[in-house]
Each structure stands twice: as C-alpha cells, then as structure tokens.
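Model the full structure from these sequences, guided by the hints.
Number of protein chains: 4
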Amino acid sequence: MEVVVMEKISKNVLSQVITPRDPESYKGNYGKVLIIAGSTQFGGAAVMCSSAAIHSGAGLVTVATTPEKFTAINVKIPEAMTIDYHDKKALLTGIINNQVIAIGPGLGTSTIAKGLVKAVLNNTKTDQTVILDASALTIIADEKIPLQTTANIILTPHQGEWQRLSNLAITEQIELNNKTNLHELNPDALLVLKKHQSEIYYHDQVSKITVGNPGMATGGMGDTLTGIIAGFVAQFGFSLKTVQASLFLHSEIGDKLNEKNYVILPSSIIEKIPKYMAKFSSKEK
Amino acid sequence: MEVVVMEKISKNVLSQVITPRDPESYKGNYGKVLIIAGSTQFGGAAVMCSSAAIHSGAGLVTVATTPEKFTAINVKIPEAMTIDYHDKKALLTGIINNQVIAIGPGLGTSTIAKGLVKAVLNNTKTDQTVILDASALTIIADEKIPLQTTANIILTPHQGEWQRLSNLAITEQIELNNKTNLHELNPDALLVLKKHQSEIYYHDQVSKITVGNPGMATGGMGDTLTGIIAGFVAQFGFSLKTVQASLFLHSEIGDKLNEKNYVILPSSIIEKIPKYMAKFSSKEK
Amino acid sequence: MEVVVMEKISKNVLSQVITPRDPESYKGNYGKVLIIAGSTQFGGAAVMCSSAAIHSGAGLVTVATTPEKFTAINVKIPEAMTIDYHDKKALLTGIINNQVIAIGPGLGTSTIAKGLVKAVLNNTKTDQTVILDASALTIIADEKIPLQTTANIILTPHQGEWQRLSNLAITEQIELNNKTNLHELNPDALLVLKKHQSEIYYHDQVSKITVGNPGMATGGMGDTLTGIIAGFVAQFGFSLKTVQASLFLHSEIGDKLNEKNYVILPSSIIEKIPKYMAKFSSKEK
Amino acid sequence: MEVVVMEKISKNVLSQVITPRDPESYKGNYGKVLIIAGSTQFGGAAVMCSSAAIHSGAGLVTVATTPEKFTAINVKIPEAMTIDYHDKKALLTGIINNQVIAIGPGLGTSTIAKGLVKAVLNNTKTDQTVILDASALTIIADEKIPLQTTANIILTPHQGEWQRLSNLAITEQIELNNKTNLHELNPDALLVLKKHQSEIYYHDQVSKITVGNPGMATGGMGDTLTGIIAGFVAQFGFSLKTVQASLFLHSEIGDKLNEKNYVILPSSIIEKIPKYMAKFSSKEK
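Residue numbers (the numbering used here), protein chains in the order written: chain A, 1 to 285; chain B, 1001 to 1285; chain C, 2001 to 2285; chain D, 3001 to 3285.
Hints in this document: simulated from the structure, not taken from any laboratory.
Treat each hint with caution, since some may be false.
Far from chain C by the CB rule (all over 10 angstroms, computed), these chain B residues [to be verified]:
id: 1; residue: P1023
id: 2; residue: E1175
id: 3; residue: S1239
id: 4; residue: K1241
id: 5; residue: K1260
id: 6; residue: K1272
Using C-beta positions, here's what the derived DEER-type ranges look like [claimed, not checked]:
id: 7; chain 1: D; residue 1: I3112; chain 2: C; residue 2: E2184; range: 45 to 53 angstroms
id: 8; chain 1: A; residue 1: M6; chain 2: B; residue 2: D1255; range: 24 to 32 angstroms
id: 9; chain 1: C; residue 1: G2028; chain 2: A; residue 2: T171; range: 56 to 64 angstroms
id: 10; chain 1: C; residue 1: E2259; chain 2: D; residue 2: T3111; range: 45 to 53 angstroms
id: 11; chain 1: B; residue 1: D1255; chain 2: C; residue 2: E2259; range: 27 to 35 angstroms
id: 12; chain 1: C; residue 1: T2019; chain 2: D; residue 2: I3112; range: 51 to 59 angstroms
id: 13; chain 1: B; residue 1: P1067; chain 2: A; residue 2: N177; range: 38 to 46 angstroms
id: 14; chain 1: A; residue 1: T171; chain 2: B; residue 2: I1096; range: 55 to 63 angstroms
id: 15; chain 1: B; residue 1: K1260; chain 2: D; residue 2: T3111; range: 50 to 58 angstroms
id: 16; chain 1: C; residue 1: P2067; chain 2: B; residue 2: D1127; range: 51 to 59 angstroms
id: 17; chain 1: A; residue 1: E7; chain 2: D; residue 2: T3171; range: 40 to 48 angstroms
id: 18; chain 1: B; residue 1: K1260; chain 2: C; residue 2: T2109; range: 36 to 44 angstroms
Every value quoted in this text rests on a predicted model; they were computed, and no experiment measured them.
C-beta: ideal position from N, C-alpha, C; glycine also.
Written as structure tokens, this is what we have:
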C-alpha cells in the first residue's frame, strides 16, 4: 500500500522564495495578474483579493468584476486596474495577457460566472497559472467542468468545496484519498486544502502548515490568501515552494496579529504583507 | 411589594464570555449574522453596525440594505456580504439562514421598513436571536406589532424609544415598571435600556453598567453597540452574560479612548474591538 | 474718531469654552447640526465640513447635499446622516429642526444653491445659528440678499469673499471699515475674516488670531473651519468665545502638524480634533 | 563629436527647491493644478495622481475625469475638486485657469482622450506648464501630434513610451540620442525618462538619479510621480531643479519605505510626502 509522507512546511520557505529584487528590474518583471472576482452581493471579496495581490508585490493587477464595484476598488486599492467582466472581448484579452489568473472570490454561481470559469480554462496555456477558488470551484463541481487547461492549476478549496469537487466526505479527506482524487481531476494540479493546519498536494508531495490560529476564522480570509498566492506566483514563478510560502506568510502574519487581537480581519493582514515580506526575505541575492 | 435588585455589571463578565477559541474551529463556528439596516438617508448606520459585528468576531456577516449603500459597505468593511432588502426571496433566505438577525439601525419607518420588521418576526424561530434596534422599535411601537417570534429577542431602545414601546414616560422608567412592561411585551425578551448607566432586564434579573462617559454621546454609538451584541451572540451564544459583556466592552473601550479624546467617534471604538477582546479574554480555555 | 481695539485671542479661550461634559448628558445635549454643502464638482467640501463638525463633538450631524455624494459621506464619515437638498420638504424640516445650520462649502452658485441660501435665511429664527460660508457668501453678495434672519449669524469669508460682500477692496479692509460694513449688513452678525492672522468682528469687539501657518494654505481648510465652528456652537452655544475657540483650535492643530509636515491637509487636522479638544479642555467642571 | 555630461542629482536639490513658505501667503500662492486623468478602466490613476499633487503642496487641485470616478476622488482625496472632462466648456475653462496641467494617467487612448490631449496643447500658453504622461504620450506618438504649445512642457515617459515617442529602440536610448530626439520634438521640453536610475533632459543639461529601488516597481508609481511634479511646479515654479527635486523626493521616500517593506505601494509614498518635504526643506528662508 502506498504511503504518503506529510512534510511540515517550515519558515525557511519564506527566505527561499522571497528573494531580493534585481535593482534594474521594473514592474513588468513582477508579473501581471488578472483577478476575476466579485458580484453584486459579494463585492468585498474582489476588493480583498486584489488588494492582497498588490500588497504581495505583483507588478500589475487587473480586476475583472461587475462595474458597480469599480468605485470600491478605486478607493480601497487605487493601484488596481479594472475591467467589466461582461465585456467578452476585454475579458478574453485580459485572460490572454496576464501570467496569473485567479478566479472565484465572491463570483457567485450565475450563468455569467459559469461562462467566466469556462473562458479561463479554455483560453489559458502553458506559461500561465490559473488559481481556482471559492465560487469557481463550486461551478467546476456542479457543472463537471474538466480541468483541461495546459496552464499551471492551483485549487484552493476549503473542506466543503473539496467535498463537492472530489466527492470525498470530510471524514474521507485523508492524504491518500486527497492525492488520488486530485490526480483524477488533473495529475499536475496543485491543491491547497484550507482547514485547521491546511495541506498542500502537488504531484507526490504532501505538505501541511502548522502555523495559523482560530482568530483567522473570519469571512474573507480565503479571498486574501488567493490574492497572496496570485501575487507570489506572478513575481516568484509557479512552484510548490511559492505556494507554500504564500500560505505560510498568510498564517504567520495572522499569528503575529493574534498576539494582540482576538479576531483578525483580512484587511489587517493585507496591510502588513509588505513589512512581513521584508522581514522574512533573504537579505542577499 | 416586589423588590427589584439591581446588579452592577462587573468587568469579570468579559473574561467569562470572551473565551479562547478552539484551535480546530472555522468561521462557521462563529456564527452567521444578518444586519437589516440603512436607507437612503441613513447609510452610515448600516456601515457602522456591520463593521462592529465583524470586528467583534462574527464568522460571517451579511448586510441587507438598499443597494445604493453597497459601495460604502464594500469600502468600509469589505469582509461583509450584501443583499438588497427589496428582494423578498433573498431577504427571506437571509432571515432563515442566519443565527442572529439585527434589524433597525438607520432603517427608517417606510412601508418597506415595516415589512422588513414583520418579515423578521414572522420567519425566525427558536434557535435564532433577533435584535430589535432604533427604527425597528419605532415601527413596533407605532404599528403595535406583537413580539411573537420564538427566537430569542433583544430590544435595545434609548429612553425615548422605550417610552414609545412601553408607554412609560421617562420619569416613570423605574426598575419595576420597566420589568413589568417588558414582560407584557414578551416575558422572555431581553431589554437593553440605553441611558446614562444603561440597564439590562432579562426575566427577573436587572443589571446596570457603571462604565461609559459622555464623550460617547455621538450619533452612531447605538448602531455600534447593536453590531457588537450581534457579533457576541453569534459567537458566544445568546445569554444575559453575553449581552452584558457586549455592553461592557463598548463602554470600556469608550472610557479608554476618552482618556485622550474629548469626543469618541463610533468608528474609533469599532477599530479597537479586536484588541480589547484580546486584552479582556480569559487566557486559557 | 472711533478707535477699534484689536484683542489678540489667547489659548485660554480653549479651556473656557471646552468644558467637561455632564456625565448624565446624551447626544441631544450636544446639538443638531445641518450642513448644506457640496455639488457635483465640489463633493469633498461636504465631506470635510461634516467630518469636522462630528470630530468637534456635535451630537448629530446631517448633511444636505446632492445624492451623488451620499456614498462618499457614508464612507468617510458614517456618523453623518444625509438628505437630498433637492427635496424641499426634507430640507425645510432639516432647517427647522437643527440648532446650527452651516451653508456654503462646495455649494456652487447654481439656481438651486441660491434657493438653498434663501430657504435658510427665511426659515431660521432666534434660537438657531446660521453659518454662511464660501458659495453662500458669493450668492448673498451677487443676489444682494439681506441678512434678515433672527437667528445668530456667522459669516466666514476669506478676503476676496469679504470684498464681494462688503464692497471693500482688500487694501480697504481695515478694522474700522470692516466693522462698519459688517454692521450695515447686520449689526448682530459675527464676522470671521479669514486671512493671515484671521480676525473676528462681533458688535464692538474685534479680535485676531496670531497662531496658524502657511502650511495650512491648502484647499478645503476653510470648509474644515466651518465644520469646527458648527460643532462648537452646537455643543457650547453661540458666543464670541465659542467662535474664537473654534478658530484657535483649528490653527493650533495646524501649528502642531506643521512642526513635522511641510503642508497640512484638512483631513489630517480633522482627525486630530478629539485629541486636541481633550488636551485643551478644562479638567474640572 | 558632441559630449553629453551626465550630472548626478544630489539630495541638496531638495533644500534648494523646498523653501520655507512666506507666513503671509495663502492658497493662491501655491498654484492651481488641473489633472486630466482616469477612465472607466483606470480610475485609480486619477486618484493617485491628484492625491500626490495635494500632498505635495499644490494650493488647489482639480481633477478632470469621467464622473463615475468622482466618488472615489471625494473619498480618497476630498481636498480635490472635480470636473467632467466630457464637458468641453468646463474643461476649457479649467485648462485656461490653471497654472499646471498634467494629462495622461489612466486616460486611455479613446477618441475622447485624444481630444483632451489636443485641447491641452492648443489652449495653454507661456506662463503655464503642461505635464504629458502615460496615455497622453502614447496618443502623441500614435497621432503624431506636434508639441506646439508655448507653455513649459514636461514629458514623463518610461522607456517603452519614449520608444514610441522618439522612435529610439530601448538599446538606442543613450544620452546623445535622447537629447537629439527630444530637441526634435520640442527644443524647450523637459524629459523625465523613467527607468532604473531615471534621467532628466532639459536643453543641454542631462542629469540622473541614483536613489530609488526595485520595491517601487509597482503599478501607479508613475502616476504618483506625475502628481508630485505637478504639485512642485505649481508651488515652486517650473525649472529643471524643481523637476529634479520631485523625482528625488519620490525615490527618497521609496528608499526609506523600502528599509522595512519589500514592496512599496504608491499610496504609502503619497501619505509620507508632507513629512519628507518638512524633513528636507531648508530651515530658513
């Protein structure tokens, strides 16, 4: 019988991933991210996810959302650009021209949302990374959409979403089952299973995080993690370590804030990202 | 003649209520709150109330309001979700699916507002808590709406609103009268009577707060308290102590701020909630 | 020939005016303020003026403005209520029910703005205070509107606005002329003439301020002062000293900020008001 | 063969330019700036550019943009006034009445944007300064619009925009070529060529900056620089030194923030401007 070894993600991964920037670099070197998120009822998710991506160091971030959310984005994160996700041509251009596409936070499961998920899977390719989160995962499960893009794929379900996606009841979500069912979905996909001590599955490697705290159990925390992953992949490239570093940083900041705060708002994590990236980055190139 | 004993709420109530979180918990453990608040003229009330609920640790907060306020909510508290309270189906789903429903801040007394109050009272049941505040109390008084839900009921009137609700002139609002008239409205309802040294009535127990200061005499302070109560009930459960702790924390933060501020804005109380919850929580489980 | 004695306003005025609050007071004791301000092009003026009034301690503040500015107000100062100044009935109710009415910041000189100025002058009476600022002063000068209300009147022109109002060229704006021409407009009006070392004229008393600095020479500073005056009159009552204290506090905060800032934004003054009111208030009642 | 001497801009330029303000000055002394910026997709650029101009000390700043962005501007920088750039009469008045006109950030290259660029070049004259940035530079290159205004001209391209404008490939962008091609466009224009160690060309003088860091490689950084230049020219007058000081301050703040932040958001630079201007200003006049 196959044995799955669970690696514990260590803080070292931060300095391995967060390397000093080349002095002669410019914003084009730090990647272009498209975040497809938000809907009338869930506007804040688009705000938090894009803000997290920008605070994490992505060079350029565009949010594809419903235009009624543009003002909130312009106020909370003026560094982000916006496109109307009802505009098929602009959306397609956005999907093709960005290295990282994150889809799902606050998207809902409307017909439009379903079309957006399909558009991403159908129009991305090898040198891109697609992060599927939240509503996008529900849509994929409900519509049985195959994960057929040649882009790198990152799935970020919580346990309930993973159940819908993998058909594994929460009690069945043990390492071997998770790994097997992930590979059935797509053998090259990377899975971030969000839970107490979140786990990452990628090819044969399984790792988990042991930082984090229950003060982080607030709405929007997942949208924020997705934004950090997007920002990190955009600038450091897709790899298991990049995703591990994103997950670790998110929880590490949460733990620091938890020392003095009973609950931790996603917004408060986001504003600390640039400082903690500096703190944990390797000092020399 | 009946004697009413007035208990003074002590700071101990905070550590009794604000217990450490279970490390293996997730946001679903901290309750779902629906805040029905705001109208064209009083948009800020919805912002403050929902922001207070989230800063107080509610797991998930949805604001049912008029859609013209969605942008303000997405900006000020992106962690909140929104629903249009004109959408009867979405509203009813929200009422049924949330454990705590707070209604009233900035709602006004329009026909729509009246319908919202009735919808809450008609569609909530045993395992839920309904907090009736501000305009909701005026509507109940004006329309003589019976408090017939089987949900837990918390009423949060200031003295003028209590006069309308109880038919007690302010000079008549002594303990025995308040208790008697509250029991006539609903013998199981909990009353927070907001005044200098606010009082709480629940069954046979009467308690009052002796912290707080006149720098807190600013518009929006009541909306903020309602949000804190909602957040506390959502995560710590409905009980007299939970409401006492909410009221105490609100005034305690106000007192701390008053040391260096002549007036205290509700917004400044809200942002301090996570820190003061940490400070006063019991250290061990 | 008449001699005008110019008093220098001293810092003592702050502790004389900013007295400790009665512990048993509530928000109704700190006055209701209506701010009629803002237009499509000048929305920020309404935001800054109302925010200043609330940070200065007014009990309740309502902003009458164009509805397209409601979202900005809900975000920046959720404590404020709003009314649409195109709604004549709501506006008239607002004028009648507030103790202090400040009109002018960012109002523009449209036909609607003219009607608003007239509505204020025609519908206020003895126990109220009307603060006429910015566009309202231009309208009064252009339309030769008599200052006929029996309410207390405060005029807050800069030198150019005072020229239009008094027909005094800036070089002619010496004490005796200012006093004479003010009394012609209305012998009981109080004039705050904004300039380097601003002057206050009221009956026979003339005083000037010697604090303040050129870092405060930024757009919106006047709107902020108007808000402070409104908040102070609402809570401390109309008097020469109240206005002197408002003016002094505004410049004193500006001087403190100027120690470390080359320019001072109105927004940065506003957020400091509660702290400086505490610092300068008399400690005992 | 002509030799181009490259001067290194020293920190001294800050104290030479940022001189103490005359105590008797008022906001009119610090210049009026019109920023023509923003479009549906790029609203944040207008917010950041105008906010930078105001934090840099411009007396009065008006933003000409699409009205859907007014709320974001009213919230993020209430000190700014707004005009709808579709309103030709208001726009023309704005162009004529402001001393500094900055055009381009987030403007896009629509027909309307093209008309705006032409309107600026056709209606400005000797005593004004026109800053052409971002989309405005692309439009000028694409439409081959001659730089014929008699106003002072500042061009702020990054290398890709300069390539389009000068027809110099990035590898050809050496000092002599840059100078020659700039003089062909307009012999009196000042060029800020944004790159690692940005360069300034003006008449026969070529200077470069050696501060700055790759943490500043984030979207919106250029919009922010444009706002600083606009604010500096408005208050200190057009000169090579004024532009050098703007560029130096921007990078100097970036370097300070980089000590503790891996990435630097434009918004975080903007809020520090007043403090750093105070720190580097000459202490006496």
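- prompt: When you take the CB atoms of T171(A) and I1096(B), is the distance between them in 55 to 63 angstroms?
  reply: Since T171(A) and I1096(B) have Cβ atoms about 28 angstroms apart, the given range 55 to 63 angstroms is violated.
query: Can the suggested window of 51 to 59 angstroms be confirmed for the beta-carbon pair T2019(C) and I3112(D)?
result: Given a distance of about 57 angstroms, which is inside 51 to 59 angstroms, the answer is holds.
field: Outcome of range test on Cβ distance (D1255(B), E2259(C); 27 to 35 angstroms)
entry: holds (30 angstroms)
task: For the range 24 to 32 angstroms, tell me whether the beta carbons of M6(A) and D1255(B) fit it or not.
output: violated (49 angstroms)
- prompt: Cβ-Cβ distance between I3112(D) and E2184(C): within 45 to 53 angstroms?
  reply: holds (50 angstroms)
- request: Measuring Cβ to Cβ, find out whether S1239(B) lies farther than 10 angstroms from everything in chain C.
  value: holds (28 angstroms)
query: E1175(B): least C-beta distance to chain C exceeds 10 angstroms?
result: Its Cβ never comes within 10 angstroms of chain C, the nearest being 18 angstroms, so this holds.
message: Within 40 to 48 angstroms: is that where the Cβ-Cβ distance between E7(A) and T3171(D) falls?
response: holds (46 angstroms)
- request: Return holds or violated for the Cβ distance of P2067(C) and D1127(B) against the range 51 to 59 angstroms.
  value: At roughly 40 angstroms between Cβ atoms, D1127(B) and P2067(C) fall outside 51 to 59 angstroms, so the hint is violated.
- prompt: When you take the CB atoms of E2259(C) and T3111(D), is the distance between them in 45 to 53 angstroms?
  reply: holds (50 angstroms)
- prompt: Taking the CB of K1260(B) and the CB of T2109(C), does the distance hold inside 36 to 44 angstroms?
  reply: holds (42 angstroms)
query: Is it correct that the beta-carbon of K1241(B) has no partner in chain C closer than or equal to 10 angstroms?
result: The claim holds: K1241(B) sits with its nearest Cβ about 26 angstroms from chain C, beyond 10 angstroms.
The earlier numbered hints that this structure contradicts are 5, 8, 14, 16.
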